Amino acid sequence: MSMQLVTGNHAAGHSMSLAGEANRTARGAVCGIYPITPQTEIVEYVAKYPFSKGSVVPVESEHSAMGVCLGASMNGARSFTASSSNGLAYMAENVMVAAFYRLPIVMAVVNRTLGPPWNIWADQGDSLMFRDFAWVQLYCDTSQEVADTTLLAFRLAEDPRILLPVMVCMDGFILSHTATEVELAEQQQVDSYLPDCAVPHRIDSGHPVTMGGMTFPQETLAHRVELHEAMGRVPEVFEEHRKQFKQEFGRDMKAAVTPYRVEDAETVLITSGSISTTMRQVVDKRRERGEKVGMIRIKMFRPFPVETIRSLLAGTKKVGVLDRNCAADRGGIFWQEVCAAMQGQGHPLIQGYLTGVGGNDVIPKTVHEVVDDLVQRETAGEPVWKGL
Amino acid sequence: MNVEKIPMSFEEECLLRPGNTNCGGCGMSNGLTMLGRAPESGNYSMVIPACCGIVTAGAYPTTSYSVPVIASTFASAAAFATGVSEVNGLNDEDEHKEGKRHVICWAGDGGTYDIGMATLSAAAERNEDMIYICYDNEIYGNTGGQRSSATPMRARTATTPAGKGEGKKNIVKIMAAHRVPYAATLSIAHPDDFRRKIHNALKIEGFKFFLMHSPCPTGWKTEPSETVELVRLAVRSGVFPLYEVYDGINFRINEEPDGSDPSVYFEKQRRFKGQELDMDAVRRYIDHRLDRIRRLQSVSHFKD
Numbered sequence: 001m002s003m004q005l006v007t008g009n010h011a012a013g014h015s016m017s018l019a020g021e022a023n024r025t026a027r028g029a030v031c032g033i034y035p036i037t038p039q040t041e042i043v044e045y046v047a048k049y050p051f052s053k054g055s056v057v058p059v060e061s062e063h064s065a066m067g068v069c070l071g072a073s074m075n076g077a078r079s080f081t082a083s084s085s086n087g088l089a090y091m092a093e094n095v096m097v098a099a100f101y102r103l104p105i106v107m108a109v110v111n112r113t114l115g116p117p118w119n120i121w122a123d124q125g126d127s128l129m130f131r132d133f134a135w136v137q138l139y140c141d142t143s144q145e146v147a148d149t150t151l152l153a154f155r156l157a158e159d160p161r162i163l164l165p166v167m168v169c170m171d172g173f174i175l176s177h178t179a180t181e182v183e184l185a186e187q188q189q190v191d192s193y194l195p196d197c198a199v200p201h202r203i204d205s206g207h208p209v210t211m212g213g214m215t216f217p218q219e220t221l222a223h224r225v226e227l228h229e230a231m232g233r234v235p236e237v238f239e240e241h242r243k244q245f246k247q248e249f250g251r252d253m254k255a256a257v258t259p260y261r262v263e264d265a266e267t268v269l270i271t272s273g274s275i276s277t278t279m280r281q282v283v284d285k286r287r288e289r290g291e292k293v294g295m296i297r298i299k300m301f302r303p304f305p306v307e308t309i310r311s312l313l314a315g316t317k318k319v320g321v322l323d324r325n326c327a328a329d330r331g332g333i334f335w336q337e338v339c340a341a342m343q344g345q346g347h348p349l350i351q352g353y354l355t356g357v358g359g360n361d362v363i364p365k366t367v368h369e370v371v372d373d374l375v376q377r378e379t380a381g382e383p384v385w386k387g388l
Numbered sequence: 389m390n391v392e393k394i395p396m397s398f399e400e401e402c403l404l405r406p407g408n409t410n411c412g413g414c415g416m417s418n419g420l421t422m423l424g425r426a427p428e429s430g431n432y433s434m435v436i437p438a439c440c441g442i443v444t445a446g447a448y449p450t451t452s453y454s455v456p457v458i459a460s461t462f463a464s465a466a467a468f469a470t471g472v473s474e475v476n477g478l479n480d481e482d483e484h485k486e487g488k489r490h491v492i493c494w495a496g497d498g499g500t501y502d503i504g505m506a507t508l509s510a511a512a513e514r515n516e517d518m519i520y521i522c523y524d525n526e527i528y529g530n531t532g533g534q535r536s537s538a539t540p541m542r543a544r545t546a547t548t549p550a551g552k553g554e555g556k557k558n559i560v561k562i563m564a565a566h567r568v569p570y571a572a573t574l575s576i577a578h579p580d581d582f583r584r585k586i587h588n589a590l591k592i593e594g595f596k597f598f599l600m601h602s603p604c605p606t607g608w609k610t611e612p613s614e615t616v617e618l619v620r621l622a623v624r625s626g627v628f629p630l631y632e633v634y635d636g637i638n639f640r641i642n643e644e645p646d647g648s649d650p651s652v653y654f655e656k657q658r659r660f661k662g663q664e665l666d667m668d669a670v671r672r673y674i675d676h677r678l679d680r681i682r683r684l685q686s687v688s689h690f691k692d
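Chains A and B, in that order, give the protein sequences. At position 365 of the first sequence the residue is numbered 365 (the numbering used here), and the sequence of numbers has no breaks. To convert a position in the second sequence, counted from 1, into the numbering used here, add 388.
Worth flagging that the hints you see were computed from the coordinates, not collected in a lab. Keep in mind that the hints are not guaranteed to be accurate.
Calculated cross-link-like contacts (lysine to any residue; reagent style SDA-like; alpha-carbon spacing at most 25 Å) [as the list claims (entries may be wrong)]:
1. Lys488(B) with Ser52(A)
2. Lys488(B) with Asp204(A)
3. Lys48(A) with Glu617(B)
4. Lys53(A) with Arg514(B)
5. Lys53(A) with Asn515(B)
6. Lys488(B) with Ala198(A)
7. Lys488(B) with His201(A)
8. Lys488(B) with Pro200(A)
9. Lys243(A) with Pro160(A)
Covered by chain B, per the in silico footprint, the following chain A stretches (three or more residues, Cβ under 8 Å) [said to hold, decoys possible]:
10. 23 to 30
11. 88 to 97
12. 197 to 211
13. 215 to 227
Because the structure is a prediction, the values reported are computed rather than measured. Even for Gly, the Cβ is constructed at its ideal location relative to N, Cα and C.
If we strip away everything but chain A, and leave its shape as in the complex, we get (with noise of 0.2 Å):
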């Protein structure tokens, strides 16, 4: 294990890279690649990594990337590939189909503004697109976590009770482009970590199965309730695999939601990525102040931890959720999800705040003007927009 100062693009480019080379006692790695601004750093760490069994596509669209990874993982090798924003959006048909056809597919995801008009900002609207799609869903707020989380994705993954793709998310520039100390796996460590990758599907000869013909609604609707069941299944799992982290490795890595200083909070902030670094210093200095002012952070926003987010908020009175993505008419898509959980559950005071859409800057001034205003507040209202 070495630290070394690296970028987000770098730490989950070599995470990748390990997992695949691990998968050399196995069937191999197998992954297309299509370069777009953040992400494309990841995709060229990986086309330059000398696997021992592996090889590279580099295709001519996201759609074909993600086409590659399909067919691969398929026929039982470890597939894996990363994209960014209109990257995504041209790519989402097969996306959908990593879910529905059960493929441990991990994405490495640099979330950028979709355009047009064109901006290469962070803003977390591109993999939010994909909420209903059944891929598990980890945003970052560190590149040590990218590092460790992409690692843990490939456990989550091909775990057999699971076998459902994972996104592993980070905020373009902001994690994407900036070098910090982080401390890079050993590829024997990665090896101990990540069993053979084993598509129990997969395409063999021996046994000829059409994979994916037509299915009649009864059919549909049960694989419907797999895919659902498999969902809610995630977060026990990945709390497992979490553990084993920490043996192999003896670092902790958070956890699907981490709270702050919310144990007798009356004020909480709710957030993912990497506003909650900010946001943290933040609830300090109101701490300081002695403001009852704590924080959450969600890391996994599929599946939604819905039991988890009940449980700190009960007895909050006041609620604010900072997104940095806004769904046209509804607001932010964390907020909605929290205001969702908290059906029936008491009535606290749930407010959204569109913080650092199209790639503004939050600064703890931003967070700062959140608390000013929820703590006056005597109702919800619309979506509050900062940075006009």
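Given the coordinates of chain A, assemble chain B onto it according to the supplied hints.
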């Protein structure tokens, strides 16, 4: 190559099993049967995008195919097949000492000429090791017969009720221009030639492209019993020349057209009914195309 020496495989388990629900006289069904009887082709899996070919599989949990099949999204057959092929390449040495495993894409003209064109072109350019067969019924057959860029001029379809105004793309020329190791046309009326070409493709490393003329009685408004006859007429009249291209530059005509009148081929199809076909222009086009292929053949070099 001596065609007589290639045995035809008549195993009990054929590629397209009995009991499928395909239309009578379906050219694609004939093609699948012929593909299944090509020699040494037992060890393969197929990738089939959205098209009649995947409906052929039937409803879950049954399948009409005797090999593993992956249904791909419409535009993605060549990308899915790339993934399958790469994994085969990494594992064949360990697992299949008796011979390599192949992957065959089986796609319609919509998935080939239109929506899958970019994916197909890219896989060909990368020279991925696969066989790509386009069964060309010249319409979106699975959705009820709409125009594609493979639909011939003047044919009436659900979206060109007055007849199509444009001609057909020359897909073999496009694929040959990628300089793939092998590109050829297939006729279900010429089983020996069909068998030889599949046999040939199985021995060649890299990207192999086939175009198979595939009448659709439902869409073409033809008699199901005349499907094979239509293909024979198309080959004899030069409407659908049987030829092959090695490395994009070496051309060979496999069956010289015998000068049959192409008008018979068109008259048998009610999709052209009521259309004023300029048969002189059709003949000029046929002659021009054959002349070009012959000229290319005259400067071609073959190892065998």
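When you check the alpha-carbon spacing of Lys48(A) and Glu617(B), does it fall within 25 Å?
-> 54 Å, violated
Please work out if Lys243(A) and Pro160(A) have their alpha carbons no farther apart than 25 Å.
-> 18 Å, holds
Pair hint outcome, Lys488(B) versus Asp204(A) [Cα-Cα no greater than 25 Å] | 14 Å, holds
Hey, Lys488(B) versus Ser52(A), does the alpha-carbon distance stay inside 25 Å?
-> 20 Å, holds
Three-residue Cβ test at 8 Å for the coverage of the segment 23 to 30 of chain A by chain B | It holds: at least three residues are needed, and the segment 23 to 30 of chain A offers 3 whose Cβ sits within less than 8 Å of chain B.
Given the hint that Lys53(A) pairs with Arg514(B), does the C-alpha gap stay at or below 25 Å?
-> Between Lys53(A) and Arg514(B) the Cα gap is close to 19 Å, so the pair holds against 25 Å.
Decide if the proposed pair is consistent with the structure: Lys53(A) and Asn515(B), CA atoms, cutoff 25 Å inclusive.
-> 20 Å, holds
CA of Lys488(B) to CA of Ala198(A), is that 25 Å or under?
-> 22 Å, holds
Taking 8 Å as the C-beta cutoff, is the stated coverage of the segment 215 to 227 of chain A by chain B satisfied by three or more residues?
-> Holds: 3 residues of the segment 215 to 227 of chain A have a Cβ under 8 Å from chain B.
How about the segment 197 to 211 of chain A: do at least three of its residues have a C-beta closer than 8 Å to a C-beta of chain B?
-> holds (count 8)
Verify the proposed pairing of Lys488(B) with His201(A), using a straight-line Cα cut of 25 Å.
-> 21 Å, holds
Mind checking the alpha carbons of Lys488(B) and Pro200(A) for me, to see if they're no more than 25 Å apart?
-> 22 Å, holds
Checked against the numbered hints above, the structure violates only hint 3.
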